[in-house]
Amino acid sequence: MEHIRLPKVEHVKLLDRVSPKKSRVGTLYLTATHSIFVESEDGVRNETWVLHSLVCGVEKQASASGVSLVLHCKNFQLLQFVIPEEKDLQDILLSLQRLSQPESLEELYCFAYKPNVAAEERQREWDFVDLRSEYKRMGLPNAHWKLSPVNQNYEVSDTYPSELFVPESATPPVIAGSSKFRSRGRFPTLSYYNKDNHAAVCRSSQPLSGFSARCLEDEQMLGAVLRSNPRSDVLYVVDTRPKLNAIANRAAGKGYENEDNYSNIKFQFQGIENIHVMRNSQQKMLEVCELRTPSVSDFLLGLEGSGWLKHIKAVLDAAVFIAKAVSEEGVSVLVHCSDGWDRTSQVCSVSSVLLDPHYRTLKGFMVLIEKDWISFGHKFTHRCNHLLGDPKEVSPIIDQFLECVWQLTEQFPCAFEFNERFLITIHHHIYSCQFGNFIGNNERDRQQLEIEKRTHSLWSYLWSNRAEFINPLYRPNHSQTQGVLRPSTAPYCFNFWRGLYNRFDRGVHPRQSVEDCLRTIREETEQLEDQLSSHKQKISKLEERKWSVSVNIFDKSPTAWIFAPDLRLANTPQDYTSCVLTSSPRPAGGSPVLTPHDLNLTTSFNGSDQESGVADLSAPSPFSEESARDSDEAANSAA
Amino acid sequence: MASPVSVYNSNSLDSHISSVSRDSLKMEPLTDVSLLPGEDGVIEKEVIYICPFNGPVKGKVLITNYRLYFRSSDADLMVTLDVPLGAISRVEKMGGASSRGENSYGLDITCKDMRNLRFALKQEGHSRRDIFDLLFRLAFPLSHNLHLFAYVTQEKYEENGWNVYKAMDELRRQGLPNNKWRITFINKSYELCDTYPTVLAVPYKCKEEDLRRVAAFRSRARIPVLSWIHRENQAVIVRCSQPLVGMSGKRNKDDERYLEMIREANDTPKLTIFDARPSVNAVANKATGGGYEGDEYQNAELVFLDIQNIHVMRESLKKLKDIVYPNVEESHWLSSLESTHWLEHIKLVLSGAIQVADKVSTGNSVVVHCSDGWDRTAQLTSLAMLMLDSHYRTLRGFEVLIEKEWISFGHKFASRIGHGDKNHADQDRSPIFVQFIDCVWQMTKQFPTAFEFNERLLLTILDNLYSCRFGTFLYNCESARDQHELRIKTVSLWSLVNSKTDIYLNPFYTPEPNMVLCPVASMRHLELWVSYYIRWNPRIRQQQSPVEQRYKELLALRDEYLKKLEELQLSDSSPAPRVAHNSSTSNTSSSNSSTPSTHCTHLQTPF
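If you're matching them up, the sequences are chains A and B in order.
My numbering puts the first sequence at residues 1 to 639.
My numbering puts the second sequence at residues 1 to 607.
It is worth saying that the hints were derived from the structure and are not from the lab.
Please read all numbers here as calculations on a predicted model, not as lab measurements.
Glycine included, C-beta positions come from ideal geometry on N, C-alpha and C.
Incorrect hints may appear among the rest.
[To be verified] Listed next, the stretches of chain B that the computed footprint assigns to chain A, with coverage defined by at least 3 CB atoms under 8 Å from CB atoms of chain A:
hint, segment
1, 160 to 172
2, 526 to 533
3, 546 to 558
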């Protein structure tokens with residue numbers, strides 16, 4: 001509170017970037033957590049809330065209508081306020097600069113965010129995503145991989161999780177030795193295990209090989225990884241960096257594996273650039289996004305000049321290489337970069353998405369982020385600029401991961417259970433600091449902060465709102481859903497992600513979407529289904545009444561009793577559909593066995609039932625409101 | 001470094017190519033190719049197709065008077081080509097009898113539809129001479145005094161596509177004639193203007209002799225005539241060619257008065273004249289006797305739309321072809337795409353049409369012209385009409401739109417496409433119509449539920465723009481079509497389309513009769529039409545959009561439910577007999593104790 005110099009300014013104008021005529025006048029309030037703009041016209045209370053933690057830049061800008069305050073947000077929202085009094089503007093500017101860059105984690109919004117949830121409920125929230133059961137799902141531990149207690153107290157590597165899977169033959173001394181030979185002690189450990197062919201994706205940091213150093217334990221460690229895949233006699237080591245960067249690291253006593261020192265490894269560079277290149281690239285791309293009316297050349301050359309899509313392609317290319325090695329060649333892969341928490345997280349997680357349909361479901365995707373990003377110590381606090389800190393540590397590495405997945409959803413529209421909105425919402429909350437999941441740089445940080453006791457989890461929030469995030473095209477039995485995804489990585493397959501980077505520029509979004517159509521028709525189908533089943537219930541009640549009457553009529557002969565339970569079983573909706581739908585009455589004396597015609601009907605009906613299994617989300621469409629608004633807009637612009 | 005990845009890609013590419021069982025692949029004559037009526041095979045030859053994606057492929061080529069058909073003989077690699085000869089723009093010999101190197105002797109075929117084909121033949125005995133001569137003759141029949149295939153074939157369809165468009169019917173649909181606009185038959189024998197249709201709509205007040213005097217002042221006598229009228233506000237789209245102002249700045253009172261009449265028809269305060277050209281070009285046209293409307297036209301404003309001419313468009317598409325065929329430029333894809341300027345041209349055409357539509361929907365009449373008024377003008381008027389009038393967004397309405405604004409108003413299809421003509425370097429050729437279809441596609445992307453037809457229709461139209469199988473796109477104008485008895489002797493493309501419309505329908509179509517589409521001509525929305533321009537690349541395999549497929553399934557499901565409900569409700573209103581019927585079956589079944597149990601197992605499985 002002490003940072004708020006001015007809690008309220010009136011007669012503030014919020015400029016609309018696309019159409020200046022639509023600018024709004026109102027009051028700007030500063031609270032401990034949000035800036036709130038309340039429109040004061042027409043009696044309609046229209047509010048715009050911006051979390052302080054989402055603000056990444058505040059600046060003064062001279063514009064035609066006076067001096068204005070520009071807020072750049074981490075979710076790519078751009079707000080421009082014209083404040084009449086220079087002094088007020090200065091106060092707001094200074095307050096926001098301080099509020100948006102807290103000095104300690106304790107100041108973050110997640111510690112202030114207190115929905116009315118009981119303690120045990122909160123623990124259940126955190127238990128919703130559980131990595132142990134994820135490893136169990138992969139089939140671990142087994143004869144080849146074991147859970148190692150070596151990092152129980154974060155003693156071997158303080159940036160690794162406490163529970164790690166290592167090859168069965170890796171002894172504690174080997175692990176300890178290997179970890180000493182790796183940056184930040186991040187020794188090779190399992191990320192993904194393919195139970196069909198025993199091939200695994202492992203991750204680590206770079207070896208401290210310098211120009212000639214060797215480490216017997218590290219060589220044994222890689223040998224153990226190789227042996228844990230009994231059907232393969234080679235191990236791929238993928239260094240995700242460009243070769244030049246890796247060589248440069250050698251001078252600092254780090255570097256990469258020498259094929260001659262490790263038995264049966266195949267070494268490979270992938271050429272993904274470092275965090276600084278990515279940060280600059282995104283900055284350039286955002287400059288293109290912020291152009292109000294870019295010409296064709298501005299847009300295409302600007303986009304290409306930013307290199308952004310090229311970097312996305314590089315990540316996807318590396319992931320495709322790994323997915324292919326694991327699924328087609330059955331070869332295990334060890335992935336690393338420098339510290340093994342940026343590019344390595346990207347490549348491991350994207351290849352997991354390609355390999356395993358489970359990670360393309362809502363829950364599976366949450367687990368994946370929990371595993372490869374959160375637990376393996378992607379430095380969220382640094383990379384996402386949660387606190388006032390070193391700007392050189394900031395980098396949109398996780399943005400790139402989400403975008404890779406989005407690019408995949410574009411190529412495989414039926415393969416993912418979740419929609420674009422899900423990815424955008426995750427992106428939003430990675431930066432919002434509303435939930436505890438992305439606070440701190442590693443598991444140890446979060447334990448010290450007692451995140452699970454003091455904050456809430458995004459995952460259960462997403463899960464309870466899952467109706468909004470379901471892709472209407474997804475079906476578990478679709479050919480795209482099953483098996484390994486083989487995307488094309490030709491440059492023209494990468495599109496600009498308008499939905500994320502121009503998320504708040506309403507004018508640039510299409511006014512009609514096929515997804516809305518699908519949603520509507522699916523809702524319609526579901527309503528019909530409901531009607532149908534309620535009709536059938538009614539009928540079956542009628543039927544039972546009739547039956548109880550007829551039982552009374554029947555004499556109590558044994559045959560009748562034998563028959564009765566059968567018929568009760570048959571008193572199911574399906575029975576009635578099939579019966580009701582037979583158009584002509586059955587020939588008297590004919591058997592009640594289903595005719596092929598009936599069978600068809602029932603099976604097709606069941607099929608559709610299963611389909612709607614996706615659809616306990618029949619809740620009112622979150623899009624309906626939006627689509628209504630969109631069509632209003634279209635009408636407006638048409639008028 | 002990247003090699004394993006590219007190998008991976010080519011693997012996935014191979015998986016697209018279906019392998020066929022070995023026994024079906026002996027060197028048998030290609031007898032199973034289904035030919036069109038009137039189509040005859042003339043030569044069959046063993047050749048090697050130099051496939052840019054899979055390398056040399058051995059196989060057999062069949063040439064008929066309509067198509068070039070190739071099928072590989074390799075069991076592992078099924079490659080077929082089926083190219084209408086009309087799509088060929090150039091046939092060349094490659095290498096000589098003494099050329100060295102494998103597959104260096106053969107034919108090089110350039111196509112109009114964004115691809116090239118190369119065939120290698122045996123070097124001995126002039127093996128390519130006969131095939132070259134035949135191809136050259138059959139692909140360019142008009143250069144060899146032969147008939148176009150459309151005049152040879154006698155395809156039969158349920159529907160006669162020539163009935164799709166009747167000028168009078170369409171004008172009547174628009175509510176014409178009325179008290180401001182009348183229909184004139186002054187051009188019934190093409191005396192006024194040989195490139196215009198016979199039926200024209202002009203201001204009511206205008207007399208026939210006025211029209212003649214206006215014709216004298218407009219390039220090729222293409223006088224301003226009505227294309228479309230807004231039902232409510234009576235604003236009109238009028239099209240014409242440039243005025244013949246010339247260097248001396250000639251004036252023509254009749255032309256000025258004529259435009260004033262157009263303005264007066266709905267009391268537009270200011271008539272907007274859209275000159276599609278860049279202003280520089282318009283000025284330059286004065287030197288050759290053309291020009292644009294100056295200040296002497298009162299109550300009119302002139303807007304240049306900066307759309308480039310046919311030569312610029314031709315070069316742009318050529319550049320686009322260079323970066324997508326055979327291989328897609330990889331290292332600098334976006335800047336290469338930018339350097340073709342194709343999307344920029346698309347953007348200009350679309351935003352021009354948006355401006356036209358915007359004026360008209362706000363009640364202002366407009367005049368659209370370029371130089372001759374048959375290229376850019378057709379693009380602008382037809383796209384604006386597509387935005388304004390939902391009728392043109394139906395399948396049949398779209399056919400009408402093409403028939404009307406393009407075919408009847410004399411877009412020079414024969415010259416722009418070069419049907420049956422060997423002169424591949426003809427400066428008259430230009431992909432103006434392709435550009436129009438691309439713009440339509442861009443609109444369908446932005447408004448996926450506004451169009452009754454789907455992408456497949458657009459692809460079919462473009463394929464048959466070249467194929468010469470139908471009469472639809474032949475000749476430059478109506479007078480030439482009449483002279484060659486086109487409607488009598490050939491079949492219309494719309495006969496094919498309208499005889500099986502279901503494959504061309506967009507399942508997402510939701511009719512909204514009075515909706516005006518207002519597309520965004522912003523780069524954030526325009527995209528390259530990959531499934532047309534890069535469709536020969538096997539990485540872009542055409543597949544039915546899963547979205548569309550899923551939607552169709554849901555539609556079917558809905559209909560099924562609706563039907564069931566209906567039946568239930570029917571039976572619900574008279575439940576007594578049904579229940580009786582049901583219990584009667586159970587009564588009968590009680591006599592047979594084994595059947596009910598099987599009955600039950602069926603029923604239990606779903607739970």
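Verification of the hints:
Under a criterion of three residues with beta carbons nearer than 8 Å to beta carbons of chain A, the stated coverage of the segment 160 to 172 of chain B fails, only 0 such residues being counted. For the segment 526 to 533 of chain B, the stated coverage by chain A holds: 4 residues have a C-beta nearer than 8 Å to a C-beta of that chain, and at least 3 were required. Requiring three or more residues with a Cβ within less than 8 Å of a Cβ of chain A, the coverage given for the segment 546 to 558 of chain B holds, as 8 such residues are present.
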